[in-house]
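Protein chains in written order, with this note's numbering: chain H, 37 to 528; chain Z, 8 to 372; chain P, 722 to 1027.
Bear in mind the hints are in silico, worked out from the structure with no lab data behind them.
Take the hints with a grain of salt, since some may be wrong.
To be verified - Quick list of the computed label-pair ranges, beta carbon to beta carbon:
(1) H:209 / P:884: 41 to 47 Å
(2) H:156 / P:928: 53 to 59 Å
(3) P:928 / H:449: 37 to 43 Å
As the list claims (entries may be wrong) - Rough simulated footprint, nothing fancy, chain H against chain P, three-plus residues with beta-carbon under 8 Å:
(4) 756 to 762
(5) 823 to 837
(6) 892 to 899
(7) 970 to 981
In this text, a Cβ means the ideal position worked out from N, Cα and C, and glycines have one as well.
Residues per chain, in single letters:
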Amino acid sequence: MAAQARRRSLVLRRIVATPAPDPGAPNLEAAVLPETGRAPGGGWRRHLGSLAFLTPAGIWLLVIVGYPLIGTIRDSFYNNDSTKLVGLGNYKTLFSTADILVTFRNNVIWVIVFPFLVTFLGLLFAVLTERVRWATAFKTIIFMPIAFSATASALVWNSIMSIDPHVGMLNASIETVDDWFNAPGLYPVNASAGQTVASLAATGLRPGPGATLESTATVAPGQTLKLGMIGISPATLQLVGAEKAVVPPAASGAVSGVVWRDFSPSHPAVRGVVFPDEDGIAGLHLSLLSSNGSSVASTVTDAHGAFSFSSLSTGSYRVEVVANNFASGFTGIYWLSGTQSLTPTSGLSQTAQALLSVPLVDLSMITAYLWIWAGFAMVIIGAGLAALNREVLEAARIDGATEWQTFRRVTMPMLAPVLIVVLVTMIINVLKIFDIIVNMAPSVSQANTLAVAMYDFGYASSPSANGLASAIAVILFILVVPVIYINLRRIR
Amino acid sequence: MARVVLKDLTKRYAGGNLAVDRLNLEVADGEFVCLVGPSGCGKTTALRMIAGLEDISSGEVSIGDKVVNMLPPRDRDIALVFQSYALYPHMSVYDNMAFGLKLRKTPKADIERSVREAARILDLERFLDRKPGQLSGGQRQRVALGRAIVREPAVFLMDEPLSNLDAKLRVQTRAEIARLHQRLQATMIYVTHDQVEAMTMADRIAVISDGVLQQVGTPKQLYEEPCNRFVAGFIGSPSMNFVELKVQREDGMRLVCEGTQVVLDDAMAAQLRDLGLEAATVGVRPEHLRVGEPEGPGLRVSATVDVVEFLGNDALIHAAAEGRDVVAIVGADIHLAVGDAVILSAAPRHVYLFEPQSEMSLGAR
Amino acid sequence: MSVAEAAGLAIPVRRRRLSIHFRPSRLVLNVVLVLVAIFWLVPTISLTVISFRPEGLFGISGWWTVLTAPSQLTIQNYETLLSTGFATGGILDSLVTTAAITVPATILVTVLSSLAAYSLVFGRWRGRTAVFLVIVALLVVPVQVALIPVAQLYDAFGNLTGLKLFGSLPGVIIFHVAFGLPFGVFLMRNFYTGIPKDLLEAGRIDGAGEWTLFRRVVMPLGLPAAASLAIFQFIWVWNDLLVGLVFLGGNPHHTLTIFLFSQTRTLAANYWVISTGAMISIIVPLAIFFSFQRYFVRGVLAGAVK
Ligand SMILES: Nc1ncnc2c1ncn2[C@@H]1O[C@H](COP(=O)(O)OP(=O)(O)O)[C@@H](O)[C@H]1O
Ligand SMILES: [Mg+2]
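Using the sequences plus the hints, can you model the full thing?
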């Protein structure tokens, strides 16, 4: 009887897993309780009861995560409609297609560049805000974008990075600064549309050295020149405030003349004559070249296109229309270009070119993504910093460390675990980056990532390429396996 | 080595909290001074101002005849042992001790020698390669001391370095620090809330209450001539008994209240008369009370034994005298049981009188 | 409650300023941080302003001209966009669809995670640790690995029962819940571990069943954690694009992110729709972010630091 009771109690103990039994009267309670029917929660029933709580989540995970994981691995060894086993075929295809290799390349860029940048920014902000009074406001501002969807963020940044300086704030800012140092001329030549300075010469002008024009004829003081130009639109002239062309009278000791738009609507075919319906080219910068080609004087045409260089010594001169009249200003950087490369790759093989040319949009997307996630890194690192033992930092100062030495040799090492957590979290995050790419990078671009390629293969293409898509998914999974391992070790 | 002078040192925290109020203190070169006072009285704040970790609201700190108010800690030639030890968790014991020297670009060989020497003194040689996390509390404490020693600072500052140790280790380390002071002959300012530590180690003690310095003196001075009721109560363990008594002038000058009376000797009586006091606070240390009627003038208390705590050689008696608790230490050979009526008495020279309002000592003898 | 305060939960109460000796650099520091803060605000401000500018001005003048000419602001874009009402595929329809996905997914994840975590922490069956470790392992599994098989599974289920999951809201919800659970269980378990077991033992001795213990003891205590989880999950699901894109395939109702995505892909200069739509899409998560920042930060920290 006693033995039986003990055995039963042992069984019960195993079920109930009573914590560390008191050696004095270990089994008595457990043995007695069932008999009185007062087993807390009802013995087996309790055991099942709490297990039942796990069931919905467990089944859910098994069906929607567990099984599909295996399914994807299986599919990755099958052809694209999952009817034929192809072994490693899909993987071979992936690793031998230039486009996919570029995709890998982009993932590598993201994984290497982004996590470190974001951790650095987060650390910087967390450390700096420790020393200001309005840290709370600052942190809120930096953290807020985390509430934005990556899609909405991408759209915002699309506009900021737009090539049009009337839309994109970035280009507008650059334009403002650029104009400061490098003012555009009144008559910019649109080189991207194939226009050249030489094509502007009509009468008495020929292309000079550089992007200049010069008078074909040489003149002596007292003579006048008529210099005709074409290819400048009436709208531009109107904007500049040009008026009817007037040939100034000759004056002794001076070289004078007119520069005018040598195109009369009433006489469209006639060149070389100043008609009343032709405007002068106003505000044009001219310089006077002596016979040895050096500039001796400079002037600007008036509203009628007239100019005059006076008090000249005798000799023969040429008039030059200087280059900066035609300088085009800043026309915008195509930040969202999916092909324009950040790195020079000319002279390489095609695959190498594809792999080595990092599109500009990568830079822009990383910026946008930093905007979203820097606050996250800052908050986590900030919490890590706050949890540090202040006295240890003070001890370092007592030991004679400067601010920087304290940071480098005490704060940073103590913070290392937190930094690693942020890094790893961000690596996982960008490994599967999708939203920002599809919303920011042009559809046909060098900026795709694995997740986008997988989506394209699996859903956006018709018929879908399940095999290839699955293989990509498996690769993504393999890439997170080390993280799983790290996490498990950390938890244990 | 250097002396430390605090002149009207004051700290007002951002919230308006006056943590240290015009603290004046001179610590001679090579002296061991304890700042002692109840928790929250401003000891740590004062120490941190000396160290340069806390802004000084007003007043001056000089170390070695140089005002250091504006100097960062590293230029003050001090070392500080923190209450929490504040060891670098990512460095080995060796590196913890060597860090300060490395920052000062001390040659490697010198570092090695200093650290080994300190480790030898502190019996840490076996642990040099361990991280602080792998050490016991006492060992960590010694590393913290070692970190201070290797720097050979002019002034050692210690903030309750023993408070995280168990009782036995505390006594042991106390002796160790005292020995260390003997050996190094360095100026030491030692903060503690434990008056026993202060009494056993210090050359001089500064008692602080609520940010205000109460009295500075040798342990003996503080024990024998406390300047006010606070110091009298704070120094000595168990603490002094206090009772408020009325002045009674009939048949000789005496102080009375129910069950307790003090027959004053002439000197005391004269003093009370001069001050025209009608009442006074009387203090007597438990160790000065004995069982039995007084022989001549002095204090007499009749009480009932409440609790008897046997201490070995002595016994600690808690007795109730008209609702007041009186503590006395009596020889263990005197057998008292709970409920016994007992007469306790003390000689006049052991009776302290305090002015009831200001609580200043009257018998500054 | 603010980020800083919330993030400071683990901070010892008395915080000392780190240093006392570099006053002059403080001004520089403040200026730099103000510039950073402005830089960080620009995208949000630009989005807001663009959505309130007339469609016709886009590309003619920059949104920043509003600084000098504030009269250009108008609610015309919102009127136009909202004028279609709840028509299928419109912005309001997308808003409703998003909410109809997000709310159930959030509730389900919170409840199921809490239950599972209870079982993992207070249950007494063997293998709890193993199950928990498996869940931790699932924490970082990318959604991509499940997209195709789950779609096939939905198809098979549809063929079998006639209930269409692929292309339906429940299909999206089910998927979101599955990928929200590992984090949910992880977070809730970590929190529950801190609840003294004695509390439950006391209840058990009083004869309370597991359900009662969960409902009356553990759940109320775990409320802050549940709130963190719910808010985290809500923002996560609300902002999702990929899962919706895949599992709503063929459904005329879109989520907000799909709505925006399809607008960007039409290439036309309809930035007014995009900006206004984006504004509408972020209102809810932003409101939640600002109202429950503390819980959100806790969720973030629980996920990352623990
Ligand atoms: N950083 C601080 N801000 C505001 N008050 C403080 C700060 N540090 C300490 N105090 C207050 O100053 C007083 C003295 O503190 P402290 O010097 O630490 O006392 P002790 O070391 O004697 O226990 C206490 O009332 C404490 O609350
Ligand atoms: Mg203290």
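task = Would you pick out the hints that fail for this structure and give their numbers low to high?
result = Of the numbered hints given earlier, those the structure breaks are 1, 3, listed in rising order.
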